[in-house]
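2 protein chains.
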Amino acid sequence: MAIFSQAGSRRSWLKGAASWLVAGFVAWGAAGCASLSGTDPLPSWADGPARQSIIDFVNDVTNEASPNYVPPAQRIATFDNDGTLWVEQPMYTQFAFMIDQVKAAAPRNPQWQDNPVYKALAANDLKGALAQGEKPLLDLLVQANSGMSVEDYDKTVRQWFATARHPTLKRPYTEAVYQPQLELLSYLRSKGFKNFIVSGGTMEAMRPWTEAVYGIPPERVVGSSQGIVYDGTSLMRQPKLHFVDDGPGKPVGIYMHIGQQPILAFGNSDGDLQMLQYTTTGPGRRLGLLVHHDDAEREFAYDRQSPFGKLDKALDEAPKRNWVVVSMKKDWKQIFPGKP
Amino acid sequence: MAIFSQAGSRRSWLKGAASWLVAGFVAWGAAGCASLSGTDPLPSWADGPARQSIIDFVNDVTNEASPNYVPPAQRIATFDNDGTLWVEQPMYTQFAFMIDQVKAAAPRNPQWQDNPVYKALAANDLKGALAQGEKPLLDLLVQANSGMSVEDYDKTVRQWFATARHPTLKRPYTEAVYQPQLELLSYLRSKGFKNFIVSGGTMEAMRPWTEAVYGIPPERVVGSSQGIVYDGTSLMRQPKLHFVDDGPGKPVGIYMHIGQQPILAFGNSDGDLQMLQYTTTGPGRRLGLLVHHDDAEREFAYDRQSPFGKLDKALDEAPKRNWVVVSMKKDWKQIFPGKP
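Taken in order, these protein sequences are the chains called A and B. Quick note, in the working numbering, the first sequence goes up one by one and the last residue is 367. Quick note, in the working numbering, the second sequence goes up one by one and the last residue is 367.
The shape of chain A in the complex, shown without the other chains:
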């Protein structure tokens, strides 16, 4: 109930009583509507401008009588993953996985013992590893995550996700996803949208579970990738980056992979800036959305200074471009599945 988020604000006894009455009517009204047309498609979204902007947009572009009508084949929606569909703090899950791969590969790579990045990672000192610069860290991650067939790598990904737990939330990473976004994906799908993930993370670390968790099949997952070669028998992972699907790479990834401009894009960081620019430019109605992580109590609070998921330029650009900033604190009644 939205009224609980008002706790702590000044309210008279009367206002409090009135809000309970209103809440009762809203609940009754919602139940009434639900009994006619089915259930509320976005129960974890609080009433407010963010939720309303989504519903207005969807109603408009799916209404054949509207000048903004979009046929189903062109209802493309793209979602960033880290920080938009699931948790990205205290670090990208992708990194947590790849760092574990570095540790697992260390015995086969004695030369790493002199590598300051490796030494920092081995001591669980991510800050120290990052302090060496982004490139040496990426190089090490890419090396440790290459040299095997894609099938063997896939097994490793699945095993890791089956046992790894988020360090503070103490739940599987695939349950550290946002309940309101699961509802939004489902709502869009029910309205004929094609949902895609467009993530800076690698495709291989997402595809094994996105269909079960998000209803997004492997072929609709766009992401960064390492080089792959076919050796006549197997597809082998190469120790080099092939494509970085982040920042200005996201519109390119969308074009290469989807081949159509989205009409809705949802991100949360400056890595999504160009995806939102691209999506919200051009004729017809378009919707750009940003998750704002402002809920230290239920999730994490960060924006302009974060090493992961920094939201700075995109936050400044949002009002100028009419992007909707979704407050985790105010707009989401529930953050994670299964725990109201």
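These are computed hints drawn from the structure, not numbers from a lab. Each hint can be trusted.
If several chains are the same, the list does not tell them apart, and a pair holds so long as it fits within one copy or across any two.
Computed cross-link-like contacts, SDA-like style, restricted to lysine to any residue with a CA-CA straight-line distance of at most 20 Å:
{"no.": "1", "residue 1": "Lys340", "residue 2": "Asp330"}
{"no.": "2", "residue 1": "Lys340", "residue 2": "Gly259"}
{"no.": "3", "residue 1": "Lys347", "residue 2": "Gly259"}
{"no.": "4", "residue 1": "Lys182", "residue 2": "Gly309"}
Following the hints, complete the assembly by docking chain B onto the known chain A.
Frame of chain A, contents of chain B only:
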């Protein structure tokens, strides 16, 4: 029928007889459905081993009682385009389009007047252009097809296809497609398959029309691509190749784009060799198919020596790997739509 998977286990005579009775009812019911629900799904395919191999395969992998059952999410079918879904003689349509772009760009590029490849193309001497080597020709094509936004390029593609005609068939290129393959795509779709194009041609030259002609939406078209950069406003085409989706590039393109191994692949040339190898390797039932162009009267006859669509190694490998060689002459009753 679950009972069929018990074959080999110990069962009484009575149980066996009962299962045959049930099977009989199922068969009778299916026949009844066919007479109600319609028509032969592959009317342009002649009765014979090629047609039968397709129907047997589809029946098997969609039968929940079969040990070879494949859930719909994994029913991935990949089709080459040139020579498999449409005509590739006397040259790839892709080339015909790109050469027209060279001619259109020539006034802006006076330096080409000294380029032997350009001179040959300007004189409609493709053989002469190819005689200079593949790379100089590709370089010129890539240059002429870059320097504009993807939207402007898309308009050029659409305009070209709206007016261009196949030189000998005298019909639009989008009608120089194979009727039996349109039926196969539709049949597979009706059985829960996801059809993809995996072509050596560029994605941009296919995506504008594949949904209307093949029922394959843009995001299911995998192909070669030029470099693209996002300049903050537009996606701009760069004068360089980004990815060559041919030969050993096809399994890589499949992995990058689809993220699952296909269970059916259809090609017609050595450029499809590795796609068929990749598709037909591994557990479960798999189907590899090759169009053999042996019908000089109704289409073209070529294989081991052709400059476009050379079928040599793959033809030798077909019997060893149980790939089905589809004779255009014997297996296809009708070649093109609208003309029996």
